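Protein chains: 2
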Amino acid sequence: MREKETNNNAGAISSPTPMLQVHDRDQAAGDTNNGGMRTTETLLRLIPIAPCIAALVVMLHNSQTNDFGSVSYSHLGAFRYLVHVNGICAGYSLLSAVIAAMPRPPKMSQAWTFFFLDQVMTYLVLAAGAASTEVLYLAFKGNPAITWSSACSSFPTFCHKATASVAVTFVVVASYALLSLISSYKLFTNYQPPTLNPAISKPSIQVATFHA
Amino acid sequence: MREKETNNNAGAISSPTPMLQVHDRDQAAGDTNNGGMRTTETLLRLIPIAPCIAALVVMLHNSQTNDFGSVSYSHLGAFRYLVHVNGICAGYSLLSAVIAAMPRPPKMSQAWTFFFLDQVMTYLVLAAGAASTEVLYLAFKGNPAITWSSACSSFPTFCHKATASVAVTFVVVASYALLSLISSYKLFTNYQPPTLNPAISKPSIQVATFHA
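Protein sequences appear in the order of chains A and E.
Start counting at 1 in the first sequence, then tack on 263, and there's your number in this note's numbering.
Start counting at 1 in the second sequence, then tack on 263, and there's your number in this note's numbering.
I should point out that these hints are in silico values taken from the structure, not numbers from a laboratory.
Just so you know, these numbers come straight off a predicted model, no measurement behind them.
Heads up, a few of these hints could be off.
[What the hints assert, rightly or not] Quick list of in silico lysine to any residue cross-link-like pairs, SDA-like style, CA-CA up to 25 Å:
1. A:Lys370 <-> E:Lys424
2. E:Lys424 <-> A:Gln455
3. E:Lys404 <-> A:Ile362
4. A:Lys404 <-> E:Lys370
5. A:Lys404 <-> E:Lys404
6. A:Lys404 <-> E:Leu323
7. E:Lys404 <-> A:Tyr344
8. E:Lys370 <-> A:Gln455
9. E:Lys424 <-> A:Ala408
10. E:Lys404 <-> A:Gln455
Starting from the given sequences, assemble the full structure and let the hints guide the process.
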């Protein structure tokens with residue numbers, strides 16, 4: 264992949280002074296534009312924090328004791344994983360929002376890090392949601408073939424709280440799918456399209472040297 | 264998001280004839296480049312077909328009958344979902360490889376469709392893998408708190424075949440994570456970076472009109 268060249272030397276031969284003025288005005292407009300983009304990204308990165316913490320807290324306090332016995336989220340691997348992933352997600356969302364809010368020129372290393380971590384976070388949260396959904400499905404329905412009883416008939420409150428937590432986790436999945444899209448966009452727009460001809464995409468000032 | 268302008272009118276004022284020759288030569292190079300890119304993408308899209316079919320076939324023939332009873336993949340929702348998703352995955356991989364192989368100019372609608380469907384496919388296969396892993400975990404370990412017995416002690420062959428199918432499904436997940444990255448790259452390189460100044464990025468021939 265080839266990084267793009269910024270052809271801000273455009274028109275430098277014919278009229279240096281007017282071009283400089285244009286550049287200055289555009290620079291100011293670009294800064295405002297960058298500020299708006301930064302604020303939007305920071306807000307989008309803050310959005311998943313609330314559902315992450317909500318899903319985490321609901322699951323963390325999910326336990327039920329009755330005549331059938333006692334059950335807690337910690338008895339089920341998928342629910343423990345869901346709690347951990349939501350904790351990591353809340354921390355990462357806050358950290359990435361702080362980094363995205365910093366007023367500094369965009370760096371390729373940061374774009375790659377955000378792209379990679381957003382993808383990983385999406386996959387982790389989705390896996391937690393899918394595994395927990397499967398446990399809930401088995402807990403509600405049971406499985407006669409392998410003699411697993413329907414646990415939710417014995418522990419209805421536990422199952423309802425777990426369902427709420429899993430549903431909120433899927434809100435986090437949706438938020439992260441969107442954030443992954445945005446970080447892909449921010450990363451790959453810095454590269455040349457694979458089908459674009461490198462010689463054609465060079466600024467005209469360099470191509471003009473061909474004519475002698 | 265702004266689509267990029269191809270500044271292939273570069274140098275048109277100073278020397279039209281040499282530029283045309285350069286353009287022709289570059290066009291041929293570009294076509295070869297596009298052909299190579301197309302072949303690579305087609306091959307990458309063909310790769311997941313084998314693991315999809317392998318995971319599907321292994322799971323589809325997974326059943327065991329012994330003194331404890333009879334168990335089949337169809338008794339478990341997660342395994343049925345895994346079979347369906349692997350079938351869809353194999354079909355989509357083949358179809359997308361055929362479309363990617365067609366020698367025609369790249370279209371934005373196709374780039375958006377591939378991007379969207381690759382993401383959806385990754386999420387579907389990952390969810391199937393995660394849910395099935397959770398079932399296997401429960402089947403191997405059991406869960407005393409909710410009185411679920413370890414089914415794998417009664418049906419070891421069933422569990423081993425299911426484990427093999429799930430492991431192969433994660434190969435499909437990895438392939439699709441890579442394909443998602445490639446389709447993101449192919450789509451978003453056609454857009455301007457969010458921080459790039461629109462006036463600066465215009466070809467010099469247009470900026471030159473500013474000077475009068």
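Checklist entry - Going through the earlier hints one by one, which of them does the structure break, listed in rising order? => result 1, 2, 3, 4 and 10
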